[in-house]
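2 protein chains.
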Amino acid sequence: MFKLTFLGTSSGVPTKNRNVTALALQTSLNRDWWLIDCGEGTQHRLQHVPLTVHDLAGICITHIHGDHSYGLPGFLASAAMNGRKRPLILIAPLAVKAWLDATMLHTELFLPFPLIHVDVAGGQQVHQEPGLTIERHHLSHRAPSVGFRFAVESVKWKLDSAALRARGVPSGPLWGKLQAGHDVTLDDGTTLAAADFRVSDVQRAVAVIGGDNDTPSLLSDACAEAQVLVHEATYTEAILQKVGPGPTHSSVQRVAQFATERGLPNLILTHFSARYDNPEGMAELEAEARQHYAGNLFLAQDFASYELDAAGVVQELSVLGSRGATQ
Amino acid sequence: MFKLTFLGTSSGVPTKNRNVTALALQTSLNRDWWLIDCGEGTQHRLQHVPLTVHDLAGICITHIHGDHSYGLPGFLASAAMNGRKRPLILIAPLAVKAWLDATMLHTELFLPFPLIHVDVAGGQQVHQEPGLTIERHHLSHRAPSVGFRFAVESVKWKLDSAALRARGVPSGPLWGKLQAGHDVTLDDGTTLAAADFRVSDVQRAVAVIGGDNDTPSLLSDACAEAQVLVHEATYTEAILQKVGPGPTHSSVQRVAQFATERGLPNLILTHFSARYDNPEGMAELEAEARQHYAGNLFLAQDFASYELDAAGVVQELSVLGSRGATQ
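Going down the list, the sequences are from chains G and X.
Each residue of the first sequence is one higher than the one before, starting from 1230 at the first, in our numbering.
Each residue of the second sequence is one higher than the one before, starting from 1230 at the first, in our numbering.
Keep in mind that a hint or two might mislead.
A pair counts as met if it fits within one copy or between any two copies, since identical chains are not told apart.
Below, a list of computed lysine-lysine pairs in the DSS-like style, where the Cα atoms sit at most 27 Å apart [to be verified]:
(1) Lys-1387 <-> Lys-1232
(2) Lys-1314 <-> Lys-1387
(3) Lys-1232 <-> Lys-1314
(4) Lys-1314 <-> Lys-1471
(5) Lys-1232 <-> Lys-1245
(6) Lys-1387 <-> Lys-1406
(7) Lys-1385 <-> Lys-1232
(8) Lys-1245 <-> Lys-1314
(9) Lys-1314 <-> Lys-1326
(10) Lys-1471 <-> Lys-1232
(11) Lys-1406 <-> Lys-1314
(12) Lys-1406 <-> Lys-1385
(13) Lys-1471 <-> Lys-1245
(14) Lys-1387 <-> Lys-1326
Note that these hints are calculated values from the structure, not bench results.
Full structure from sequences and hints, please.
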């Protein structure tokens, strides 16, 4: 239903192994993909995964801070140089659009494709197309920040084959027409209505992608019917207590506790402070998460890709790109 | 005298092997270094070479185009997060400063160190400190572009040991004082003036770093007394003829011919179109260069480091960082 590929999982600054935040989201609907946040170097990361700027439907930016947005000018410039013509949706705070406008003005950046800005300060539903609805949910951070709720609905039609056989219709081309929703006329002149012989099999899935946020419970409504939550977990609770509330980030513990309270079956943590960029650090974060959450847990790595299947289970896929140093 | 470390050598867009433009320049004077251009991902590159943001004296930007400047916001933000306090000189077109001001305003970027802007539209000499003079020279590109001339002067004092021995002064601490410029008094009460017993050995070197430019001869004055020129060579002459004058770049041939006419002993080419990012492409560029230039030639690679010694010879040092993919 969803495929999530992490292009950056570090908070604030890149490390040798982790770039600053960016996440590619694909759905089972079509070849389109969405980029959520675009830290500096996202276009470099993209060269190592099987996604193209031509298939990118839109970019969602959670908040204006540089580690989530400074890759935008170069990303857009390279998309232009790569010949993109398709309009690009930009769902972002107004400050992001204002900064891009200033960037285009001062740096002689001309985009040969329309950039359609949707302000997250407007309505909750920020995008809707057949099968896909995107909502924004306000979070708590020192800059205005939102999370995004992606809901997909995939309808497959199944034929009532027993009823068709009982009606004396042999399997063949007529079955295909009925399944596609077309009424058909038999040789004896009678007409069969598609609606009488097919039933819909609707698959739904919801993924919630948080922005920087010190209060996970603000995503309580967004997580209704959600199978997976991706949320920042910048520090352990002990370090968060030590650095104080200034950075307005979440600890692993707080996110894990929220996921447990909300009954979320799958949880992917990301946006780790550079201090944890070593095996011991990651083990410490994971231990804290498992202490407070018994569900299906992942700590995201750069280039790791996760799939949410129709049964609501998230699995890590083989690493797509050459996982390695940021350069 | 100079050490040049290439952090990015690709024109326009990054490739898997080459990042967009950035060059670190060190002198034999002290630990300071200068960054010339700052394409997106320069801060990532810096993590792989033995240079720190604390030793960075200043940033010179040749022109506003994104592949030379889009790394600035993230570079400055990370320098701030790394605790830099030292004032930073920014020698750049006014558009770069205007864009950074807009970036700081819109993206909540606060720098805890002074950023001292020197506009390249002002006087030719853009920086002067003991031993180092930086000039800017106007070039021809579709955006206003400059090259930078770095001149270093390193003074070493040598003692006239024969004269000292003739005067009956035994080698020892007195020699050290005289060499350091201090007059000394002998046991017999006579005073020896340092000026009478030491001679200066002045070493001078000039490196010229071009910006994007379709007319290499505009650097003719800058190249007076220069030992090395670093210049963009975006295309072969054949491809430049094919793409036409629009991009306002130089061909390898034009730069090589200029270096020959100007009698430059060392030439380093960089800023290659992504189309040449393969062994055949680089061989083609090198062949064209050697056809028109018989001096000491290098085609820069990312992470390659070159040293200009006091004899005026450039040598490639062992690769400093882990040369590899941009990610």
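Quiz prompt | 27 Å Cα threshold - placement of Lys-1232 relative to Lys-1387 | solution = Answer is within; shortest intra-copy Cα gap is 25 Å, inter-copy 70 Å.
Quiz item: From the Cα coordinates, with 27 Å as the cut-off, is the pair Lys-1314 and Lys-1471 best called within, between, both, or neither?
Solution: Result: close only across copies, 24 Å inter versus 49 Å intra.
Quiz item: Within a copy, between copies, both or neither: where do Lys-1471 and Lys-1245 come within 27 Å Cα-Cα?
Solution: Classified as within; 25 Å inside a copy, 40 Å across copies.
Quiz item: Given identical chains, is Lys-1232 near Lys-1314, meaning Cα to Cα at most 27 Å, within a copy, between copies, both, or neither?
Solution: within (25 Å within a copy, 43 Å between copies)
Quiz item: When no copy is specified for Lys-1314 and Lys-1387, does a C-alpha distance of 27 Å or less occur within a copy, between copies, both, or neither?
Solution: Neither: 37 Å inside a chain and 67 Å across chains, both beyond 27 Å.
Quiz item: How would you label the pair Lys-1314, Lys-1326 (within, between, both, or neither) given a Cα cut-off of 27 Å?
Solution: So Lys-1314 and Lys-1326 pass the 27 Å test inside one copy only (19 Å; across, 31 Å).
Quiz item: How would you label the pair Lys-1232, Lys-1245 (within, between, both, or neither) given a Cα cut-off of 27 Å?
Solution: Classified as both; 25 Å inside a copy, 24 Å across copies.
Quiz item: Should Lys-1245 paired with Lys-1314 be assigned to within, between, both, or neither, using CA atoms and 27 Å as the limit?
Solution: Result: close only across copies, 24 Å inter versus 34 Å intra.
Exercise. Have a look at Lys-1406 and Lys-1385 and pick one of within, between, both or neither, based on CA distance no larger than 27 Å.
Key: within (14 Å within a copy, 91 Å between copies)
Quiz prompt | Up to 27 Å CA-CA - Lys-1314 versus Lys-1406, copy category | solution = neither (36 Å within a copy, 72 Å between copies)
Quiz item: Is the C-alpha distance from Lys-1387 to Lys-1326 at most 27 Å within one copy, between copies, in both cases, or in neither?
Solution: neither (45 Å within a copy, 62 Å between copies)
Exercise. Give the relationship of Lys-1387 and Lys-1406 under a CA distance limit of 27 Å: within one copy only, between copies only, both, or neither.
Key: Intra 12 Å, inter 97 Å, cutoff 27 Å: intra-copy only.
In this structure, the hints that do not hold are numbers 2, 10, 11 and 14, in rising order.
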